[in-house]
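Residue numbers (my numbering): 524 to 784.
Errors might be hidden in some of the hints.
[Said to hold, decoys possible] DEER-style ranges, computed between Cβ atoms: (1) T576 <-> N749: 21 to 31 Å; (2) N753 <-> N547: 41 to 51 Å; (3) S557 <-> K758: 40 to 50 Å; (4) P572 <-> R669: 39 to 49 Å; (5) R669 <-> I578: 28 to 38 Å; (6) K719 <-> M540: 25 to 35 Å; (7) D746 <-> T666: 37 to 47 Å; (8) N670 <-> E750: 38 to 48 Å; (9) K635 <-> R769: 28 to 38 Å; (10) P572 <-> M540: 44 to 54 Å; (11) P756 <-> F548: 25 to 35 Å.
[Stated by the list, open to error] Heads up, simulated DSSO-like pairs for lysine-lysine below, C-alpha to C-alpha not over 30 Å straight-line: (12) K719 <-> K542; (13) K544 <-> K678; (14) K758 <-> K657; (15) K615 <-> K536; (16) K678 <-> K542; (17) K732 <-> K583; (18) K584 <-> K732; (19) K760 <-> K719; (20) K539 <-> K719; (21) K727 <-> K535; (22) K536 <-> K719; (23) K719 <-> K544; (24) K535 <-> K719; (25) K584 <-> K635; (26) K678 <-> K739.
If you are wondering where the hints come from, they were derived from the structure by calculation, not from laboratory data. For glycine and all other residues, C-beta sits at the position ideal for the given N, C-alpha and C.
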Amino acid sequence: MGSENIENSALKKLTKMIKIKPYNFKNLSTPIYSFLRLVLGQVFRSLFPANFTGINNIPKKGPVIFASNHLSHVDPLFMIAGSRRKLHFLAKHEHFERFLTRFVVSSTGQIKTVREKGGGEALSTASGILERGKCMGIFPEGTRSRNTEPPFLGKGKTGIARLAASYPDVLIVPVVCEGTRDFMQPKAHKFPRFWKPVTFHFGKGITWKEWIFHEKGGNLNEDELNELVNQSPEKQKQKLSGLYRRFTDQFMNTLKNMGAV
524 MGSENIENSA LKKLTKMIKI KPYNFKNLST PIYSFLRLVL GQVFRSLFPA
574 NFTGINNIPK KGPVIFASNH LSHVDPLFMI AGSRRKLHFL AKHEHFERFL
624 TRFVVSSTGQ IKTVREKGGG EALSTASGIL ERGKCMGIFP EGTRSRNTEP
674 PFLGKGKTGI ARLAASYPDV LIVPVVCEGT RDFMQPKAHK FPRFWKPVTF
724 HFGKGITWKE WIFHEKGGNL NEDELNELVN QSPEKQKQKL SGLYRRFTDQ
774 FMNTLKNMGA V
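Can you build the whole structure from these sequences, using the hints too?
Here it is as structure tokens:
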């Protein structure tokens with residue numbers, strides 16, 4: 524069966540049932556962010572010793588989920604500069620309390636979230652970004668590593684899978700950052716250490732639609748998807764939880780194979 528038929532049958536039904544309700548933004552992008560991305564992005568790439576590989580794996584238009592390991596609070600800045608796309612990230616509401624940090628996070632496309640309200644709000648915000656055809660930058664681990672020595676890569680949270688399942692045609696691009704911890708380690712360095720090399724690898728992306736039918740991924744066919752759609756809510760939740768965990772674990776393993784430590 525062709526992808527067109529698949530999209531218009533079982534997978535489409537399932538997506539409609541499980542899609543995360545998108546937050547309705549009044550004004551997603553600020554003029555300051557647009558200016559900084561276009562003008563200062565070139566300056567940023569020129570000044571800092573950063574190397575970006577796999578740029579050809581990044582679509583030039585349309586919504587994309589960029590998912591990366593997380594070593595430093597400067598990771599989003601390098602991802603924006605390297606991808607040359609207008610990325611949006613989720614940031615803790617504490618970052619918006621002081622003028623300087625509020626200016627920085629607002630100027631770099633970051634969206635305020637309140638963690639105390641749970642992961643649902645964050646996913647709704649991310650869904651709203653993709654719903655508007657924008658690019659979303661996420662860190663599947665949920666936060667920066669607190670380890671003082673390798674390994675730094677932690678267990679991924681399944682929010683990335685739930686988001687991917689809500690937008691099965693959106694490409695998820697794996698990103699691995701190296702060196703940003705030495706460039707500016709949280710709490711240890713007050714200023715960037717400009718001489719420290721930084722590398723960002725953009726890997727080959729995959730969509731949920733590709734993964735769910737792949738024998739090494741979800742390994743489901745359309746009949747099995749139809750069965751899932753018609754199952755009781757309890758059984759459906761159990762099956763989906765297993766798929767979300769498998770997708771997340773495989774994605775984190777991809778980051779590890781790309782060099783994330």
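Checked hints:
1. Range check, T576 to N749: Cβ separation about 41 Å, and the 21 to 31 Å hint is violated.
2. For N753 and N547, the hinted distance range of 41 to 51 Å is not satisfied, since their beta carbons lie about 31 Å from each other.
3. Checked against the hint of 40 to 50 Å, the pair S557 and K758 passes, with Cβ atoms roughly 47 Å apart.
4. Taking the beta carbon of each, P572 and R669 are about 26 Å apart, not inside 39 to 49 Å as hinted.
5. For R669 paired with I578, a C-beta distance near 31 Å keeps the hint of 28 to 38 Å intact.
6. For K719 paired with M540, a C-beta distance near 47 Å fails the hint of 25 to 35 Å.
7. Roughly 40 Å separates the CB atoms of D746 and T666, a value that falls within the hinted 37 to 47 Å.
8. At roughly 42 Å, the beta-carbon separation of N670 and E750 lies within the given 38 to 48 Å, and the hint holds.
9. Checking the proposed 28 to 38 Å range against K635 and R769 shows it holds: the Cβ atoms sit about 32 Å from each other.
10. As the Cβ distance of P572 to M540 is approximately 48 Å, the hint placing it in 44 to 54 Å holds.
11. For the pair P756 and F548, the beta carbons lie near 30 Å from each other, so the given range of 25 to 35 Å is met.
12. Simply put, K719 and K542 have alpha-carbon atoms about 42 Å apart, too far for the 30 Å limit, and the pair is violated.
13. Taken as a hint, the K544 and K678 pair is honoured in the structure, with Cα atoms around 25 Å apart against an allowance of 30 Å.
14. Distance hint between K758 and K657 is unfulfilled; the C-alpha atoms sit about 33 Å from each other, more than 30 Å.
15. For the hint linking K615 to K536, the alpha-carbon distance of about 34 Å lies beyond 30 Å, and the restraint is violated.
16. A hinted pair counts as satisfied when its Cα atoms are at most 30 Å apart, and K678 with K542 qualifies at roughly 24 Å.
17. For a cut-off of 30 Å, the pair hint linking K732 to K583 stands: about 20 Å separates their Cα positions.
18. For the given pair, K584 sits about 19 Å from K732 by alpha-carbon distance, which is consistent with the 30 Å threshold.
19. For the suggested pair K760 and K719, the alpha carbons sit about 46 Å apart, so the restraint of at most 30 Å is broken.
20. Taking the CA atoms of K539 and K719, the gap is near 47 Å; set against the 30 Å cutoff, the hint is violated.
21. At most 30 Å may separate the alpha-carbon atoms for a hinted pair to count; K727 and K535 meet this at roughly 24 Å.
22. About 49 Å separates the Cα atoms of K536 and K719, which puts this hinted pair outside 30 Å; it is violated.
23. Taken as a hint, the K719 and K544 pair is broken in the structure, with Cα atoms around 42 Å apart against an allowance of 30 Å.
24. Distance restraint check for K535 and K719: the Cα-Cα separation of roughly 47 Å exceeds the 30 Å cut-off, and the hinted pair is therefore not satisfied.
25. Between K584 and K635 the CA atoms are separated by roughly 25 Å; this keeps the pair inside 30 Å, and the hint holds.
26. For the hint linking K678 to K739, the alpha-carbon distance of about 20 Å falls within 30 Å, and the restraint holds.
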